[in-house]
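Engineer: What follows is each chain in one-letter form.
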Amino acid sequence: MTNISIPEIDIDTNRSHEPEDWRRFFGFSTDHKVIGIQYIVTAFFFFLVGGVFAMIIRGELLTPESDLVDRTVYNAMFTMHGTVMLFLWTFPVLAGLANYLVPLMIGARDMAFPRLNAIAFWMIPIFGIVLIGSFLVPGGPAQSGWWSYPPVSLQNPSGNLINGQFLWLLAIVLSGISSILGAINIVTTIFRMRAPGMTWFRMPVFVWAVLSAQIIQLFGLPALTAGAVLLLCDLVAGTSFYDPAKGGDPVLFQHFFWFYSHPAVYVIILPVFGIFSELFPVYARKPLFGYKVVAVSSLIITGLSAVVWVHHMFASGTPGWMRMLFMFTTMLISVPTGIKVFAWVGTIWGGKLRLDTPMLFAMGGLVMFVFSGITGIMLAAVPVDIHVNNTYFVVGHFHYVIYGATVMGIYAALYHWFPKMTGRMYNEGLGKLHFALTFLGTNLNFFPMHPLGLQGMPRRVASYDPEFAFWNVIASLGGFLLGMSTLPFLVNIVGSWVQGKKVSANPWRAIGLEWLIASPPPHENFEELPIVVAEPYGYGMNEPLVSNADKL
Amino acid sequence: MINTSEIDNSIESAAQNIAHHDESDNRMFGFIIFLLSESVVFLGFFIGYYVYKTNAVDWLPAGVSGLEIREPAINTVILVSSSFVIYIAERCLRQQNLWGFRFFWLLTMLMGSYFLYGQIIEWQGLKFGFTSGLFGGTFYLLTGFHGLHVLTGVLLQSLMLIRSFIPGNYDKGEFGVEATSLFWHFVDVIWIILFLLLYVWQ
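Protein chains in written order, with my numbering: chain X, 1 to 552; chain A, 1001 to 1202.
Simulated from the structure, these hints should not be mistaken for lab results.
All of these numbers come straight from a predicted model, not from anything done at the bench.
There may be inaccurate statements among the hints.
No farther apart than 25 angstroms at their CA atoms in a straight line, the calculated lysine-lysine pairs in the PhoX-like style are these [said to hold, decoys possible]:
1) A:K1053 - A:K1127
2) X:K246 - A:K1127
3) X:K432 - A:K1127
So here's chain X without its partners, still in its complex pose:
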């Protein structure tokens, strides 16, 4: 990793060899806009793969008996569903959005390290193949859930060195390297490539949010890597780090794992907070309420995220004082997030709303985020958590965060910046249909998990007591609806990309550096670097954002 030498950057020489048409998306391009779209499209492919796994899980849970797939296949399904959705969908798609938007938003011509950027992207398909390839090894993929807690993850029934769990760990380590390279690139870009006049408090909130999220990657991922290396040694070399029979400590893995994997939720949700903060002012025609506070609250979340992880382990023999401490810190997270929600509501309040598809998705995502925030506070309370630990209540909670808020926010962003990325407009009718199906499907699928969890249905089971059947059938129908909801999106995006209506540089009349240049933006983005003279979100203020708008 250290000896990747970053060559003298000369984008011009690269550029002359690059094709200008669709073929550039299939090559080793160093243009951040091409890489951004490569990330998004690759991630969406894996989103569909993870969605198929989810369909199989919901199909199995349609009836109380285990009758659709073998139990080992079921275990593999929920393990791969979680892993694919996190490591191959949400992280890469948000990395893609950050890649596309951050240089445009701060007025840079590219990322700080274009070559490194391409390397980080191309590791995604590679570890995707490693992970999906684990279906082909004897014994099938890993079955220990996306946490891979030992001792379950140390079982190796097939006895092969190359087993599903081994490939899982390999994929996670590769994913970690890719994310670290990406994080170094994005943080360096934001610190050092800002346009003249682009001070910290003139940066759009999306950039603040991405910065906060990538800082989490930098301090969190190494901890997961350390934990994963120990697990790999136990699995491959026969050491006893996590084997209690030989003095090892399985709970230590849980600490390593959650020290990263809880903050990882903020890596996912912070950019979505950024998307909300970008979109509400545009579609409400008002400046973002409390811009500076919203910007800084992202960094506060980053700080707090490092001291909350034990709330995943309240039932892991954690001593009482630790439970109290982490209950407190976890509840503290609701302060900066509450500030954001308040600011978004304050932005929408009394605005002149335009209910286009991006705004519908953003508002739907906000509502579901508030719901998941409430269940989150419930789960932070130790007594409630002990009661619903490892039940469907937890599954319902985090799916509201990750589907309700995050995926809805990502859809909002994709629709909002689609005209910028392609120079064409999507079909509004299909977009609204997509929103209706997604909103309905999400709530039908994930709301029933809450009553199920309160009744005591454990997660990760292929068969269940018939008393849980009612809510499970509803959840499964919602799940299938959710699966269907991606179809209008795909038709819309592919169709509009090929023959959508051409749009001007700024179809939303939005304020931001990316909207001052052509759609799609030219190579190197800006003819002359913009000179920023105002804070973002100057809606209704009649102030120029840059002093050289005609020369960009």
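Add chain A to chain X, keeping to what the hints say.
Structural biologist: Below, chain A without anything else, positioned relative to chain X:
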């Protein structure tokens, strides 16, 4: 409305900023972030080691009374002093003294290689292996992971030494040399912590 002098000021300060944002600075910034991130992996291992050691019932495997400290102490002195030698090499390069740079750079490489050699000799003489409980596991993991970093450092150094023979290559300072040197100091600091944890605290 907007104050023009304010704009002028911001343009001026920004232009200075841009001038100073050259590629090599960016790379150093990125490399420092990388090292900070990398240090968290070691921090994770150190905390794991501390937890295991303070909670263990039988820390030492049967028939092992502890670690011999004399040879590793010599190794430590050599590795730590190589950090000063590499600093001299870097200074020579800054003064355009290419042969001085090569001499001290090669000396650093030899000291690093000797450290690795000493590490292997130590491993060969030990009565416990990687799978001998937590004591063996953590010992080989920590020294092995650190050794891998020393090896990476020596390989980077040899690369930079070869590149010094390209005429005019290092005339304007060299990011690779500075980064390798910083990496070497990092590896050194990690070793000092490791030495205290493994050998001194027994």
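Engineer: Each of the hints needs a verdict: does it hold here or not?
Structural biologist: Hint check:
Between K1053 of chain A and K1127 of chain A, the direct Cα distance comes to roughly 19 angstroms. Compliance with the 25 angstroms bound is thereby established for this hinted pair. As the CA atoms of K246 of chain X and K1127 of chain A are separated by approximately 18 angstroms, the hinted pair is consistent with the 25 angstroms bound. As the CA atoms of K432 of chain X and K1127 of chain A are separated by approximately 70 angstroms, the hinted pair breaks the 25 angstroms bound.
Comparing the model with each earlier hint shows a violation of hint 3 alone; every other hint is respected.
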